Structures are given as C-alpha cells and as structure tokens.
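Protein chains in written order, with our numbering: chain U, 1 to 328; chain Y, 329 to 656.
Hints are computed from structural coordinates only; laboratory data are not their basis. Don't take every hint at face value.
[To be verified] Just a few of them, taken from the derived set where beta-carbon distance is under 7 Å, the chain U residues facing chain Y: (1) Ile52; (2) Leu54; (3) Leu56; (4) Met58; (5) Ser166; (6) Pro183; (7) Ser189; (8) Leu209; (9) Thr252; (10) Thr253; (11) Thr269; (12) Gln298.
[As the list claims (entries may be wrong)] Label pairs and their computed distance ranges (CB to CB): (13) Glu611/Y - Pro183/U: 26 to 36 Å; (14) Asp573/Y - Pro183/U: 44 to 54 Å; (15) Ser290/U - Asn352/Y: 51 to 61 Å; (16) Asn96/U - Arg653/Y: 46 to 56 Å; (17) Gln298/U - Asp440/Y: 49 to 59 Å; (18) Arg381/Y - Ser290/U: 32 to 42 Å; (19) Ser103/U - Glu540/Y: 49 to 59 Å; (20) Lys535/Y - Asn24/U: 33 to 43 Å; (21) Arg653/Y - Asn24/U: 50 to 60 Å; (22) Ser396/Y - Gln298/U: 30 to 40 Å; (23) Glu611/Y - Gln298/U: 28 to 38 Å.
[Unchecked claim] Beyond 10 Å from chain Y on every Cβ pair, some chain U residues (computed): (24) Gly165; (25) Ser225; (26) Met239; (27) Ala246; (28) Lys250; (29) Ser279; (30) Glu291; (31) Ser296; (32) Ala297.
Bear in mind the structure is a predicted one, so any value in this text is a computation, not a measurement. Glycine residues also receive a C-beta, built at the ideal position from the N, C-alpha and C atoms.
Protein chains: 2
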Amino acid sequence: SISQDIDHILETQSALSVDLGGTNLRVAIVCMKGNIVKKYTETNPKTYEDRIRLMLKMCKDAVRDAVSLNCRILGVGISTGGRVNPQEGVVLHSTNLIQEWSSVNLRTPVSDALGLPVWVDNDGNCAALAERKFGHGKGVENFVTIITGTGIGGGIIHQNELIHGSTFCAAELGHIKVSLEGPECSCGSRGCIEAYASGMALQREAKRLNDEDMLKKEGMDLKLSEPITAAHLISAARMGNSKADAVLHKATTALGVGIVNILHIVNPTLVILSGVLASYYKEPVQRIISERALLSAQSIKVFTSALEEPALLGAASMVLDYATRRTY
Amino acid sequence: SISQDIDHILETQSALSVDLGGTNLRVAIVCMKGNIVKKYTETNPKTYEDRIRLMLKMCKDAVRDAVSLNCRILGVGISTGGRVNPQEGVVLHSTNLIQEWSSVNLRTPVSDALGLPVWVDNDGNCAALAERKFGHGKGVENFVTIITGTGIGGGIIHQNELIHGSTFCAAELGHIKVSLEGPECSCGSRGCIEAYASGMALQREAKRLNDEDMLKKEGMDLKLSEPITAAHLISAARMGNSKADAVLHKATTALGVGIVNILHIVNPTLVILSGVLASYYKEPVQRIISERALLSAQSIKVFTSALEEPALLGAASMVLDYATRRTY
Ligand SMILES: [Ca+2]
Ligand SMILES: [Ca+2]
Ligand SMILES: [Zn+2]
Ligand SMILES: [Zn+2]
C-alpha cells in the first residue's frame, strides 16, 4: 500500500553495533549520521557460552526495538578485544582481559541468528574507523588512534585504510613495550604500555596504595564500600599525594614513550586519544613527544577524541560504509 | 659508425650509488643486475663543505671509470643517514652521528656537477629497497629491514612501497625506545635501540670494560695499539667473559624488544637484519620474539640479508627502477 511505502522511505538506514570489551558488553543502534539511537550495556560474561548467549539476546532485543524506532538495520558491526581476522569474522586470539576468546567465529552465529550481514574487527581498529568517518580523522590520510579503557587498544590509518598486518596483529598499540622488564601485562609479557597506563593498571596501583594506607588524602571523598579506581588515584594526586603523583607520572611517561615509538615507525599526521583517560593524558603526552621524539616528529599533534563511543561508532561504520556500497 | 653503435649496445645500464654513513663515505658503480662493478671508500668528513667536496670528487672519478668499464650511468642514487625528503632530494635533519647535516639539498649540487638525475633517500629505506629488488624481500608485500652499522637504520615496505610518513620520519627504527631511562642516544634522547645495540653502542661498552681492565680474556688476541670494537666484545663473551656477555645480552634483548614493537605496530611478514652484526643478532632476536610477542606475531621470521651492500644497492635501485621506467 501507499502508506507502507511511505513508512519504508521514512525509515533511517542504521547499523547494529556490538562492543565486546574487557569489562562491558554493549549493543547500540546507530543511524547513518553516527547518532546512537539506543544503547544497551551489560557486564561482559566470563565464559564463552554465556558471552555468546547474552550477545545474541541483546542483539535480538535491539533489532526488535529498531522496528519501533523506525531504524532499518542494514547489518551488524562487532568491535572486540583481541586479534581479529575481519575477512573471516573470527577472533583469533585474546589476552586474558577477555577469557575463552580465541578461535571464535563471531560472524556465523550472529548472521544465522539475525539474518543480517556481519562485520567484525578489533576494538582499537574500530575506534580508528570511527575517527575516519565521524571524528578528527575525517579526510586525514595517515593517523593513529589509541583508546584507553580497561586495556589499551589502537588503530592505524595509512593512506585512508586500516593497517591489519600479515597476521592481523598490527596496531596492537597497547602491547608496545617501553621497558625491558616493567610490570606484568595481560598478554603474559612485561613492560607494555597497557601494563603502565590502562584503566586496569592505574586501578591496580590505586589498590596497592590503598592497601598500604597511602592513597587517601585528607578531605578526599572515599567511602569504604566504594571500589578503588583510576579516578581515586587521579584525585589523590591532585590533592597533593606524591605517591599517587609518581604512579601517574610513570604511567604518562610510559604512554608518551610508546606513542613516540609509533611516531618513529609510521609517523602519522596526528594522534587521537580516546577513552575515559584521554583528556587526562593529552597534555603530558604532547609534552613527552616534544621532549623525546626526533626533531622531525616533535610537532605531531595529539587530539582527544570528540566522539562519545568510538568503538561502537566504528563497528557501525563498517556496516554503514560496506552495506550501503554493496546493497544500495 | 657501426662499431660505435655496437659498443653503445654492449654498454651495461648502471647506476652511481653513494652511501653517506656515520663512519664512511662510499661510492659504487652498480649494474642493472645488482652487481657492484667498482667501489670507492673514504672516511666520511666531519664538516659539510669537506663532505660535499669529497662526494663530488668521488662521483666524478667514478663516472670517468664507468666509461672505461663500459657502464652507462643512468643516474645517481644517494643513501644517507638522517631524515630525507625524497621528493626534494633534501636531508631534513640528522642525529649527531653525521654532523652539519640538516637542511642539506643533495640533489642540486650532484645533478649540477654530473648532469645526471639524482634520487636521495634515508639509508635504512635504501636497505629496504635493496631487499625488495635483489634480496629476501623480492615479491614480499610487507616486510621490515633493520640495518646495524655505526647506528641503526630501518625501512618498512607496506603493500610493496616504502612508508615515509607525514614528516619523513617513519621507519626511524634505531630510535624505537625500550626503556624510560636507558643509555643516551645520538638523537639526544634515551633508551633507543641504537643506544643499546648499534656498533657504536657496543664499541662504547667494549671501551668501558677495557678501561676497567675487564675486557681482555686470557688467550685473547688484542694488541695495545688496536682500536677496541664490538668484535672484541663478542670474542670476549665467547671466551667466557661474563661482563661482556651481560652487555651483549642486554643489547640483544633491547633489539629484540624493539623489533617486537615493530611487529605490534605494522606486523610485517618478515624481518630482515643486515649490517655486520646481523648474523650475531639473528638467533637471539628470533627467540625474544617467540618469548615476548603476542601469540599471533610469535611465528614471524627473522632473516639475515644475503646482500653484500644493502644501502648502496638500494640507492642504485632508485636509479635503475625510475630511470629505466622514465627514459627507456
Ligand atoms: Ca588494533
Ligand atoms: Ca628509515
Ligand atoms: Zn602486553
Ligand atoms: Zn635515539
């Protein structure tokens, strides 16, 4: 009927976006312009079966909601921690940040359950795709993004495309090493910037200081029942706690030196920091670049992402870019 | 005359190759197949004027010799330490390994003096071009080369082309940092793999041990007048000198961890080591990759270069590839 045709035309072309992180499992409906129409957040389950089951349930609920929101879902984009073969839609291997998450085919079960095409990539790579389509990377041929959450992820855009590498292990920027020894990392090795500067690393140090009764400063609002996080470390340092300050200084130096390594390897036009700690890190990282990089790289600019949810938006961009090109 | 025409036909298409390194200034006549027909070596002068003067003299001598060797010189390829803008033929900036070597236009004086087209690139990048045309990189889409001489240089081939970067500072692999502190580097910073594992770094450590009277082992052939080098450090370690062994172990670990960083950033198919220390480093670097890289990158292979002179051959390849494409 005519009214049905009009309804169809008024539908917004959208993507279903999934982000499988070290802490949360999130699903979102993202429309063509990059707006998140609806978002669903759960704790990411610890086992493979529970994780897949919850993901499929959240996706089905979202597809149902999309109908009433008049969003036409073109496909599913999945962002996940770990090394991903995007051609196959398979997670090859993950660090212990996400357990039971190696040799996992994500495309087949999601595509079977929803009857939609599915794209999968690494979370850092998705963050870079989001910056390319919606953020500071728009129109920039070569840039790098580093996303700090529970862990640290990254993505490299070279000549407008992601670098995936020969074994899909490129842009594993969290596992750049800035020490021959250094703290243990989720990857099993040592000295990675993730082990110094991720949310998890700062939380580990905050807990350690708190256990030694050296975190809390007078006047600091910290309830006994409250879980200790990176935020407490930052506020303690701001209130003059020199131990907290030393921990953060080391974290920042490690992240900055790791980024200098990126500049000396791929020499991008700009570096985009995202995640909750991005605004905290921006200024000191820029200073470390000016102090420690080769002269030719010292002027490379560090931006903080203007995007609310880079991983989810990047996952959506895989759908919006490819599905529209192929189908319409 | 007919005999002149035949002579002309029998001439071999060749390149003049120049390598401006931290120690030597070398010029070579390189024929199309990658054979070095004749080579000239001098100590690289310490001042800009002397260096340019000597380079032009050596080039003119070589051009003269080329005639009698029946080599038809198509152009000049120059390999140099420092950051190079190959489009302009200009050295932008160098570390103190080559003094008075910033903002130096190499193309114009050489082209004016010889009446030949001139190509210029960084020495590590030239080494990578040599591997692509004549070495282990033939037909390999993504690989990395690391050349250890006085300093450490590198080149990255991605999708069959060099990565130069936004400010011609990509593949400065000697200045990958593996320590937040660490030894001082020629670049003015600290903790770079060049400061741990270059010929110059090992020589510095060998001299230090020798000054402390801890280098020489019984039965070791070391004359008082002989300059102390990396080779003495290696032979002392092989004869059971535990101090020398510890220095080399640290150097190797630093180089290996630096290469792991490369694997986690661009994830090439293979790593090619060249320079005098390549065969020494190959095995321990392969072991460090298997111990410290992410699982997906652990199997990436380390080769030693089969080329006698990667920087000179790579400089020649710029001429042979471009000049033949353009002129013939
Ligand atoms: Ca990545
Ligand atoms: Ca280089
Ligand atoms: Zn790690
Ligand atoms: Zn350096």
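Query raised in the report: For the pair Glu611/Y and Pro183/U, does the Cβ-Cβ distance stay inside 26 to 36 Å?
Result: holds (28 Å)
Requested in this report: Go through the hint on Leu209/U and say holds or violated, using the shortest Cβ distance to chain Y against 7 Å.
Outcome: With a closest approach of 20 Å, the Leu209/U hint is violated.
Query raised in the report: Is the gap between the beta carbons of Ser103/U and Glu540/Y within 49 to 59 Å?
Result: Given a distance of about 53 Å, which is inside 49 to 59 Å, the answer is holds.
Query raised in the report: Can we keep the Ser166/U interface hint, with Cβ of chain Y closer than 7 Å?
Result: With a closest approach of 4 Å, the Ser166/U hint holds.
Report task. Report holds or violated for the interface hint on Ile52/U, using the least CB-CB distance to chain Y and a cut-off of 7 Å. Result -> violated (22 Å)
**Report entry** Hint status (Cβ of Gln298/U to nearest Cβ of chain Y, threshold 7 Å)
**Finding:** Status violated, d = 9 Å.
Query raised in the report: Against chain Y, is Leu56/U within 7 Å by beta-carbon distance?
Result: Nearest chain Y Cβ about 26 Å off; hint violated.
Query raised in the report: Per the hint of 44 to 54 Å, is the separation of the Cβ atoms of Asp573/Y and Pro183/U within bounds?
Result: Violated, since Asp573/Y and Pro183/U (Cβ atoms, about 27 Å apart) do not stay within the stated range.
Query raised in the report: Holds or violated: Met58/U as interface residue toward chain Y, Cβ cutoff 7 Å?
Result: violated (28 Å)
Query raised in the report: Does the Cβ distance between Asn96/U and Arg653/Y fall inside 46 to 56 Å?
Result: Hint holds: Cβ distance 51 Å, inside 46 to 56 Å.
Report task. Starting from the range 28 to 38 Å, see whether the pair Glu611/Y and Gln298/U falls in it by beta-carbon distance. Result -> For Gln298/U against Glu611/Y, whose Cβ atoms are near 36 Å apart, the range 28 to 38 Å holds.
Query raised in the report: Are Ser396/Y and Gln298/U spaced within 30 to 40 Å by their CB atoms?
Result: Roughly 49 Å apart at Cβ, these two residues miss the hinted range, so it is violated.
Hints 1, 2, 3, 4, 6, 8, 9, 12, 14, 15, 17, 20, 22, 24, 28, 30, 31 and 32 from the earlier list are contradicted by this structure; the remaining hints agree with it.
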